[in-house]
Amino acid sequence: MRVKRQTLFIVGAVLLLVGIAVLMVIIGRGHIVYVDNKTVEYNGNEYKAYNLVELSAKGNDPQEAFARDRILFKCVGQSLKIEYEATKKQSSSPEKGIINKKIPFSWDAVVVNLPAYFAGLPEEVWFTEFIQEPPADKSSSNEEIVFDEFTAF
Amino acid sequence: MKLLKNNSFNILTFFKDNSVPVMFVLICAVCIPVAGFPLQYLLSEIITRIGRNAFLILALLIPIMAGMGLNFGMTLGAMAGEIGLIFVCDWRIYGIPGIVLAMIISIPISVLLGWLCGTIMNMAKGREMITGYIMNYFINGIYQLIVLFCMGSIIPIKHSDILLPRGYGIRVTVDLINMRQSLDNLIAVRIGMIKIPVFTFILIALMCLFIVWFRKTKLGQDMRAVGQDMEVARATGITVERTRIISIIMSTVLAGFGMIIYLQNIGSLTTYTAHSQIGMFCIAALLVGGASVDKASIGNVFLGVILFHLMFIVAPNAGAAITGDSMIGEYFRVFVSYGVITVALAMYEAKKRRAKSLAGRKLAQAQKEEAK
Amino acid sequence: MTEKKVPLLEVRNVSKDFFGNKVLNDINFTMEEGDVLGLVGENGAGKSTLMKILFGMDVIRETGGYGGEVIINGNVVKFVSSFDALESGIGMVHQEFSLIPGFTATENILLNREPQKYNVISEIFGKRLNTLNRSSMKEKAEDAISKLGVKIDSDMVINRMPVAHKQFTEIARELSKDNMKLLILDEPTDVLTEKEAETLLESIGTVAKRGIAVIFITHRLHEILSVCNKVIVMRDGLIVKDVPAKETNVEEITKWMVGRKVKEQETKRESDPDKSNKTIMSVKNLWVDMPGETVRNVSLDITEGEILGIGGLAGQGKLGIPNGIMGLYEAGGKVILKGKEIPLNSPRQCLDANIAFVSEDRRGVGLLLDETLEWNIAFPAMQIKNKFLKKYGPITWRDEKAIEKVTEKYVEELQIKCTGTKQNAKELSGGNQQKICLAKAFALEPGLLFVSEPTRGIDVGAKALVLDALRRFNREKGVTVVMISSELEELRSVCDRIAIVSGGKISGILPATESSEKFGMLMVSNVR
Numbered sequence: 000m001r002v003k004r005q006t007l008f009i010v011g012a013v014l015l016l017v018g019i020a021v022l023m024v025i026i027g028r029g030h031i032v033y034v035d036n037k038t039v040e041y042n043g044n045e046y047k048a049y050n051l052v053e054l055s056a057k058g059n060d061p062q063e064a065f066a067r068d069r070i071l072f073k074c075v076g077q078s079l080k081i082e083y084e085a086t087k088k089q090s091s092s093p094e095k096g097i098i099n100k101k102i103p104f105s106w107d108a109v110v111v112n113l114p115a116y117f118a119g120l121p122e123e124v125w126f127t128e129f130i131q132e133p134p135a136d137k138s139s140s141n142e143e144i145v146f147d148e149f150t151a152f
Numbered sequence: 000m001k002l003l004k005n006n007s008f009n010i011l012t013f014f015k016d017n018s019v020p021v022m023f024v025l026i027c028a029v030c031i032p033v034a035g036f037p038l039q040y041l042l043s044e045i046i047t048r049i050g051r052n053a054f055l056i057l058a059l060l061i062p063i064m065a066g067m068g069l070n071f072g073m074t075l076g077a078m079a080g081e082i083g084l085i086f087v088c089d090w091r092i093y094g095i096p097g098i099v100l101a102m103i104i105s106i107p108i109s110v111l112l113g114w115l116c117g118t119i120m121n122m123a124k125g126r127e128m129i130t131g132y133i134m135n136y137f138i139n140g141i142y143q144l145i146v147l148f149c150m151g152s153i154i155p156i157k158h159s160d161i162l163l164p165r166g167y168g169i170r171v172t173v174d175l176i177n178m179r180q181s182l183d184n185l186i187a188v189r190i191g192m193i194k195i196p197v198f199t200f201i202l203i204a205l206m207c208l209f210i211v212w213f214r215k216t217k218l219g220q221d222m223r224a225v226g227q228d229m230e231v232a233r234a235t236g237i238t239v240e241r242t243r244i245i246s247i248i249m250s251t252v253l254a255g256f257g258m259i260i261y262l263q264n265i266g267s268l269t270t271y272t273a274h275s276q277i278g279m280f281c282i283a284a285l286l287v288g289g290a291s292v293d294k295a296s297i298g299n300v301f302l303g304v305i306l307f308h309l310m311f312i313v314a315p316n317a318g319a320a321i322t323g324d325s326m327i328g329e330y331f332r333v334f335v336s337y338g339v340i341t342v343a344l345a346m347y348e349a350k351k352r353r354a355k356s357l358a359g360r361k362l363a364q365a366q367k368e369e370a371k
Numbered sequence: 000m001t002e003k004k005v006p007l008l009e010v011r012n013v014s015k016d017f018f019g020n021k022v023l024n025d026i027n028f029t030m031e032e033g034d035v036l037g038l039v040g041e042n043g044a045g046k047s048t049l050m051k052i053l054f055g056m057d058v059i060r061e062t063g064g065y066g067g068e069v070i071i072n073g074n075v076v077k078f079v080s081s082f083d084a085l086e087s088g089i090g091m092v093h094q095e096f097s098l099i100p101g102f103t104a105t106e107n108i109l110l111n112r113e114p115q116k117y118n119v120i121s122e123i124f125g126k127r128l129n130t131l132n133r134s135s136m137k138e139k140a141e142d143a144i145s146k147l148g149v150k151i152d153s154d155m156v157i158n159r160m161p162v163a164h165k166q167f168t169e170i171a172r173e174l175s176k177d178n179m180k181l182l183i184l185d186e187p188t189d190v191l192t193e194k195e196a197e198t199l200l201e202s203i204g205t206v207a208k209r210g211i212a213v214i215f216i217t218h219r220l221h222e223i224l225s226v227c228n229k230v231i232v233m234r235d236g237l238i239v240k241d242v243p244a245k246e247t248n249v250e251e252i253t254k255w256m257v258g259r260k261v262k263e264q265e266t267k268r269e270s271d272p273d274k275s276n277k278t279i280m281s282v283k284n285l286w287v288d289m290p291g292e293t294v295r296n297v298s299l300d301i302t303e304g305e306i307l308g309i310g311g312l313a314g315q316g317k318l319g320i321p322n323g324i325m326g327l328y329e330a331g332g333k334v335i336l337k338g339k340e341i342p343l344n345s346p347r348q349c350l351d352a353n354i355a356f357v358s359e360d361r362r363g364v365g366l367l368l369d370e371t372l373e374w375n376i377a378f379p380a381m382q383i384k385n386k387f388l389k390k391y392g393p394i395t396w397r398d399e400k401a402i403e404k405v406t407e408k409y410v411e412e413l414q415i416k417c418t419g420t421k422q423n424a425k426e427l428s429g430g431n432q433q434k435i436c437l438a439k440a441f442a443l444e445p446g447l448l449f450v451s452e453p454t455r456g457i458d459v460g461a462k463a464l465v466l467d468a469l470r471r472f473n474r475e476k477g478v479t480v481v482m483i484s485s486e487l488e489e490l491r492s493v494c495d496r497i498a499i500v501s502g503g504k505i506s507g508i509l510p511a512t513e514s515s516e517k518f519g520m521l522m523v524s525n526v527r
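Chains as they are written, first to last, in numbering that gives the first Met the number 0: chain A, 0 to 152; chain B, 0 to 371; chain C, 0 to 527.
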């Protein structure tokens, strides 16, 4: 009986660990968010880049995106939340707002196009997956595996 | 008069029993002013290194308790931790969740390797240290097989940026930028230039508490009994072999955690070399702290980290200041750390012999007294 | 009378042999609750084997079990391991301490039986992660100590304790077991001083009054008479006497112990005509720190050309003397060979001084087990005496022919059973290995030969041969031989004089023709 009880607890503990692991995968999944302030064309219309957008997201330093800028945020977890303060032209007053969006789990990186978002264009225009090119440049192909002692210190 | 003599005798035995730490205090005392580092810099370096290394060294205490000497087998745990980190890196899990996940992944690997190591050490009782040391090379081969050949070919690795350009095998360095110092920065307190990684220190404190608590458990008591006399322990029904294996498994698992803490501080993983000297350095630090093959305390760990790493920081500069060549200092610190291990091991034997000849002298003394 | 209550322990027709070598024969006795049984006998009489059977030790099972029955409370028991014996309430205190040196008395008394406090973690990892209940441990330990009627600090660490307290701690450990019915004490007073032993004897009395039966093995006969109510004397695997303690005395017991059926071979040795009275070696104030065989303040003169026997009970220090002189264990004092002092603790110097030693530890010190007979016999002679070597110019070669010849000679002389001189030593039987050891020493052609337990573990026929070879070696080559043996009869048949060691000291040297009783008295004179 006693043994059974212990087995139960062991199974419980293992399940708990697996549970924590799964939870960690979900809440810890990191995404790279590229925010573009670039002019886009959609259905023949051109949506101009804003003059300046001030952006801030949790866990990142606030950043400023001038026209034609691409800035990078890291987002941990699946919900993306970016606060912005956008100025369309130098003279106009800034508009404030929050971008709230779920990032699909499997996406490593996304591109958010600000002008498209501000113009209320459909999602597939302003929110797209970013496929990273394999770093071809790094084909300094013979990366040697050195069995060097003490390098870590 | 007699009291005086007694006192001086005590000081002498103090130096004799603690010669290694005393020697290091002297080395540091000479090198620090010569190296000319500002105190603030030294302090901040030492605090960083305590946070980085203490957990790993604490993992060594449990096998010592079980009489298995200084466990070079901890390197196996380090490998398990690294495998955990590689997966986490590939799965793009960031920050603390990534570290927790890496730890969880490392557990089964550590347990398996620890069990293997413990089983082999049971076959080589009394020669645990050398067995563990040589086993590292063997397991390192298996680690390389897995990481260098299987990962990316058999074991799926999604992201090519951590793979070698040829398409399989992990790169020589894996960037842990997304986890870098996330434990250290969780609750970081800054005093001037010095950053104190409070959360890491909390983890280390918890580990110390665990060890203190563990000593009070039945298993801890059994381990101490096994460590002191295997045959007596066996005669009372303690399962000696099993107890020894458990102690190695515990040490391996904890070393895996320690390695993850270590690497998150460094911020990058040198896939094929990070673990290779870790056992050596932890053991050297522990010995510098005044531990011996059969006795080590939490105090030894901290004293050891401070003294050993102080020497490590100041030696190159001191060497440069004295000889005009920093190579000399770098050479010196490596030379000294191996020297420490050798001396500490030799002294351990010498101490045993001294105790033995003491028994002989007592006998002669008794005989003399009888003759009177 | 027939409806008497079942005895606590009944041993019925128990016999035991080690590979055909009978060591116990038809042993019968019974014990009641609260009995104190004194068990005496010479070394090799079978006491220890009997106790091993009672305690279910592994050796017995591994060597083929035993014959007869052990009955506890009317049930026949067959112990698979000593843990079974513990379960049925038998506790044993062994000769050598079975204590953890760095633990306190409390920790040792309750070793592996510690009371525990529950905690949640143990649900996952098993009961071993419960914490120890220190206060309850202390209580239990002190309770067990008080049962003994002695005062021991339960918090004192074992290796700081005087020996007596260690002994008490061990007994207390057995007493702390709730179901303890029968306590076996194997020479518990051996390591104690007179005073300490007295306290122990009192404690045994106290324990017995609580209804626990005690089997008490000792060499100190007067102790038996003072505490036991029954005495069993064993000799050569037989119980020769089973009497109430009140009806006997020390002299009688000694006689039963030693008194063999008057041997027909009773020293038919002619005294040596040309024996000089020169002293070849003189030992002064020797002490030796050999574990279990401590030697204290021994002075001894060895006469040239004689065979000197050194006898005594096990653990009294007779083995320490040759091992100390030869430098195998830490020793002090003075050893003078032919007027020249030999430094102690230096085996090489002894060998250079033409002294040879046949160790009692055949496998450890005596033989190169993985080498051939030739190599075994010739190696020391080659190393030390530069024998069997040929010189061609600057290079020295082994003289294989000479080696083979000398090996053949000894194989024949000592009737070593082997397939050839190139056979490996480990393939030989124990007796033949012993002969190889002797041959090795003979090949050295020493001036003085120490032989330690030359007949241990070999059969009767081989024994006679070995002893004969020794005698011949002594007579023909004029080599002085010092022979150490626990078998008195063996010594008496070979030696000229016999020194008896007791309590690490020489208690007397007698001519071999002296009566067994006198030797017996010497053996137990200052046992400690």
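To be clear, the hints were calculated from the coordinates, so they are not data collected in a lab. Any given hint could turn out to be false.
To be verified - Part of the chain B face toward chain A, derived, beta carbon under 7 Å:
no.: 1; residue: I92
no.: 2; residue: Y93
no.: 3; residue: N139
no.: 4; residue: I176
Unchecked claim - Keeping only pairs whose Cα atoms sit at most 30 Å apart, straight-line, the calculated DSSO-like set for lysine-lysine is:
no.: 5; chain 1: C; residue 1: K400; chain 2: B; residue 2: K351
no.: 6; chain 1: B; residue 1: K361; chain 2: C; residue 2: K116
no.: 7; chain 1: C; residue 1: K333; chain 2: A; residue 2: K3
no.: 8; chain 1: A; residue 1: K3; chain 2: C; residue 2: K126
no.: 9; chain 1: B; residue 1: K157; chain 2: A; residue 2: K100
no.: 10; chain 1: B; residue 1: K157; chain 2: A; residue 2: K57
no.: 11; chain 1: B; residue 1: K194; chain 2: A; residue 2: K3
no.: 12; chain 1: C; residue 1: K194; chain 2: B; residue 2: K215
no.: 13; chain 1: B; residue 1: K351; chain 2: C; residue 2: K126
no.: 14; chain 1: B; residue 1: K367; chain 2: C; residue 2: K337
no.: 15; chain 1: B; residue 1: K361; chain 2: C; residue 2: K339
no.: 16; chain 1: B; residue 1: K367; chain 2: C; residue 2: K137
no.: 17; chain 1: A; residue 1: K101; chain 2: B; residue 2: K157
no.: 18; chain 1: A; residue 1: K3; chain 2: C; residue 2: K150
no.: 19; chain 1: C; residue 1: K116; chain 2: B; residue 2: K367
no.: 20; chain 1: B; residue 1: K215; chain 2: C; residue 2: K504
no.: 21; chain 1: C; residue 1: K283; chain 2: B; residue 2: K215
no.: 22; chain 1: A; residue 1: K57; chain 2: B; residue 2: K351
no.: 23; chain 1: A; residue 1: K73; chain 2: B; residue 2: K15
no.: 24; chain 1: C; residue 1: K126; chain 2: B; residue 2: K361
no.: 25; chain 1: B; residue 1: K351; chain 2: C; residue 2: K504
no.: 26; chain 1: B; residue 1: K361; chain 2: C; residue 2: K176
no.: 27; chain 1: A; residue 1: K80; chain 2: B; residue 2: K294
no.: 28; chain 1: C; residue 1: K283; chain 2: B; residue 2: K294
no.: 29; chain 1: C; residue 1: K176; chain 2: B; residue 2: K367
no.: 30; chain 1: A; residue 1: K95; chain 2: A; residue 2: K47
To be verified - FRET-style restraints, in silico, Cβ to Cβ:
no.: 31; chain 1: C; residue 1: R347; chain 2: B; residue 2: A349; range: 18 to 28 Å
no.: 32; chain 1: C; residue 1: G64; chain 2: A; residue 2: L7; range: 55 to 65 Å
no.: 33; chain 1: C; residue 1: T62; chain 2: B; residue 2: L205; range: 34 to 44 Å
no.: 34; chain 1: B; residue 1: I193; chain 2: A; residue 2: N44; range: 40 to 50 Å
no.: 35; chain 1: C; residue 1: S134; chain 2: B; residue 2: L205; range: 45 to 55 Å
Every residue gets a Cβ at the ideal spot worked out from N, C-alpha and C, and that includes glycine.
**Message:** Check the structure against each numbered hint from earlier and tell me which ones fail, lowest number first.
**Reply:** 3, 4, 5, 6, 7, 11, 12, 13, 16, 18, 19, 20, 21, 22, 23, 24, 26, 27, 28, 29, 32, 33, 34, 35
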